[in-house]
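Next come the chains, spelled out residue by residue.
There are 2 protein chains.
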Amino acid sequence: MGELRRDPVVNRWVIIDPERAEREAVFPIEEEAEEPIPCPFCPGHELEAGKEIVALGEPGRAPNAGGWWVRVIPDRRPILRIEGQLDPRPEGMFDLMNAVGAHELVVETPEHDKHWHELSELQLERVLKVWQERSLDLRKDERFRQVLMVKNYGQATTLFRHPHSHVLALPIVPKGVDEEIQGVLHYSRLKERCVYCDILREEIRRGKRMLLESSEVIAFTPFASRFPFETWILPKFHLPDFGRITGEEVKDLAAVLKAVMGMIQTSLAFSSGSLILHTSPLQEYHRPEYHWHIEIVPKASKVAGFEWGTGFFVNPVPPEEAAAWLQEGRQARLEGL
Amino acid sequence: MGELRRDPVVNRWVIIDPERAEREAVFPIEEEAEEPIPCPFCPGHELEAGKEIVALGEPGRAPNAGGWWVRVIPDRRPILRIEGQLDPRPEGMFDLMNAVGAHELVVETPEHDKHWHELSELQLERVLKVWQERSLDLRKDERFRQVLMVKNYGQATTLFRHPHSHVLALPIVPKGVDEEIQGVLHYSRLKERCVYCDILREEIRRGKRMLLESSEVIAFTPFASRFPFETWILPKFHLPDFGRITGEEVKDLAAVLKAVMGMIQTSLAFSSGSLILHTSPLQEYHRPEYHWHIEIVPKASKVAGFEWGTGFFVNPVPPEEAAAWLQEGRQARLEGL
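Taken in order, these protein sequences are the chains called A and B. Following my numbering, the numbering of the first sequence begins with 1 at its first residue and continues without gaps. Following my numbering, the numbering of the second sequence begins with 1 at its first residue and continues without gaps.
With the rest of the complex left out, here is chain A (with noise of 0.2 Å):
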């Protein structure tokens, strides 16, 4: 099993896995693996793909079988293992424990090879409530401080084109999802206000970097964008927990969701990238000051050394004008040019 370690300068915790198939990539030498053929995530292929944990389906159908709209499995090489003890200990000075954790693969449409933005708000309406009821079902087991949402779309970031994405249960909280929490904290107190409430009265009342506005989400290039095109949707409404949206939400952030996916897909050249759900810890590390949302960085870029070990970085794209052109690219494709 793998282990959690933790950075004792900087309190970062890190997986070290060496039964992970990247290994291979490696040491000594890189190669790109190829797509399964056929592929295991379509429909007739469910004992292959693996065992549903849940699925949304037609009434009556039976596990494990087809007629379903969006199933849940585990991930065949988890990064976190749901058996074991988390047996946290010491090593000399350093902290580590057993990565125990969960990894889930939500499989998001029977249909393969589809981009978020071409299917239907009712099929990316299934795909968030999923999401929604895997971060209800996972918090029962008190191991967990966290849960994400990961989807990496488009081919140089996964292996499977058939969409997917991944749900992981944490038993500590991730460094990034840490800073915010420790940034919405300092806000509060200095302020009396959530940081992430201001920033969107802040984008509606400027609109130079909003995308959309729906009646419960914004979407929108933030000010100080790390990388060219990186799109935040926040819902207007002050939630600090994505299991806690309500159907209408869920509703209407799918139909954004498809839109902006829209607006990405067709105004960019490349079509690869990530989008990560950000939404409150767990147990006693749960915080009310925090408000979810979802980070979308169009594009895995091959980043220098430089911003890995400064945490500077340099984006030759302003947010104003991603906004700009993409928004440009929504008008194209609604006029139909």
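These aren't lab readings, by the way, just hints derived from the structure by calculation. Heads up, the beta-carbon is just placed ideally off N, CA and C, and yes, glycines get one too. Check each hint, because a few of them may be wrong.
[As the list claims (entries may be wrong)] Pairs of lysine to any residue, SDA-like flavour, derived with a Cα cap of 20 Å:
{"id": "1", "chain 1": "B", "residue 1": "191", "chain 2": "A", "residue 2": "95"}
{"id": "2", "chain 1": "B", "residue 1": "191", "chain 2": "A", "residue 2": "90"}
{"id": "3", "chain 1": "B", "residue 1": "175", "chain 2": "A", "residue 2": "314"}
{"id": "4", "chain 1": "A", "residue 1": "175", "chain 2": "B", "residue 2": "11"}
{"id": "5", "chain 1": "B", "residue 1": "114", "chain 2": "B", "residue 2": "96"}
{"id": "6", "chain 1": "B", "residue 1": "114", "chain 2": "B", "residue 2": "175"}
{"id": "7", "chain 1": "B", "residue 1": "175", "chain 2": "A", "residue 2": "187"}
[Unchecked claim] Beta-carbon label-pair distances, calculated as ranges:
{"id": "8", "chain 1": "A", "residue 1": "48", "chain 2": "B", "residue 2": "285", "range": "44 to 50 Å"}
{"id": "9", "chain 1": "A", "residue 1": "284", "chain 2": "B", "residue 2": "190", "range": "20 to 26 Å"}
{"id": "10", "chain 1": "A", "residue 1": "204", "chain 2": "B", "residue 2": "284", "range": "49 to 55 Å"}
{"id": "11", "chain 1": "A", "residue 1": "74", "chain 2": "B", "residue 2": "285", "range": "45 to 51 Å"}
{"id": "12", "chain 1": "A", "residue 1": "327", "chain 2": "B", "residue 2": "61", "range": "54 to 60 Å"}
{"id": "13", "chain 1": "A", "residue 1": "206", "chain 2": "B", "residue 2": "182", "range": "28 to 34 Å"}
{"id": "14", "chain 1": "A", "residue 1": "324", "chain 2": "B", "residue 2": "84", "range": "40 to 46 Å"}
{"id": "15", "chain 1": "A", "residue 1": "246", "chain 2": "B", "residue 2": "284", "range": "47 to 53 Å"}
{"id": "16", "chain 1": "A", "residue 1": "324", "chain 2": "B", "residue 2": "51", "range": "37 to 43 Å"}
{"id": "17", "chain 1": "A", "residue 1": "285", "chain 2": "B", "residue 2": "190", "range": "16 to 22 Å"}
Could you slot chain B onto chain A? The hints should help.
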């Protein structure tokens, strides 16, 4: 001029620079640039490369002529510009300033296409002396809060093969260094000791992650390595500021760097990566509790958005195994196998 913008949640400064050449690569088509021929960093092309800021060379040589060992010139595509006022200002709730700073290029040897492990110890010592000189000189400009040295080696991360490194003077403390400082201060308040001093004692005692120990520094693969074969070099005697190292320490560090880069180059199938010098910030941000060090990440890996979005890394190579692999490569080389 570019802008420095602060993320209002996590206090991360980002450079937004629409004048950068990388822009072409992002939007709309990615293209690999080709190395210019002849190489402007080779002897005989001094004025094409740029007027020198400082140089080490044969006694009595004229500036911008031949006979140099190491030359420092302004970067042709600076991410920060020396001219102009910082003009820090609000934009609604956001904070920004002009991207004022220094961006210099150190041409590390007259010889084209040499890796660091192929340079003589004397030549590496000269490079480190020039880094130190730039650190001491740039801090005279009171606008600057941080000097960073960055060396990208190998093909993947740099346009020019000719050995060179970057010296950056920033008007802000980059998030990566700031996080380390917060960690150092927290640990110091808890234990009245430096966390880096504790780490180096621990690594020397355990040995299983050690690469090299000299009279002045140790090189090892850190306990919670984010990347396969990540390597740190720490001075054995507490010193916050690289600018204050002695001539003896520079000489010793040059020998260790040559040996470590040799281990990395001969043991791994990939030959690119980054080396970053972390040192205490300047002016009122200087911290005597800090401990300067070097971080080497062999290979600027293509990282999935998950890691960007969460600050949570999966590393398939345990640092103990990386250390053993690098040691074996060194042994084989010493034995002439």
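Consistency of the hints with the structure:
no.	hint	result
1	191(B) to 95(A)	holds, 16 Å
2	191(B) to 90(A)	holds, 17 Å
3	175(B) to 314(A)	holds, 13 Å
4	175(A) to 11(B)	holds, 14 Å
5	114(B) to 96(B)	violated, 40 Å
6	114(B) to 175(B)	violated, 32 Å
7	175(B) to 187(A)	holds, 18 Å
8	48(A) to 285(B): 44 to 50 Å	violated, 57 Å
9	284(A) to 190(B): 20 to 26 Å	holds, 21 Å
10	204(A) to 284(B): 49 to 55 Å	violated, 37 Å
11	74(A) to 285(B): 45 to 51 Å	holds, 48 Å
12	327(A) to 61(B): 54 to 60 Å	holds, 57 Å
13	206(A) to 182(B): 28 to 34 Å	holds, 32 Å
14	324(A) to 84(B): 40 to 46 Å	violated, 26 Å
15	246(A) to 284(B): 47 to 53 Å	holds, 49 Å
16	324(A) to 51(B): 37 to 43 Å	holds, 39 Å
17	285(A) to 190(B): 16 to 22 Å	holds, 21 Å
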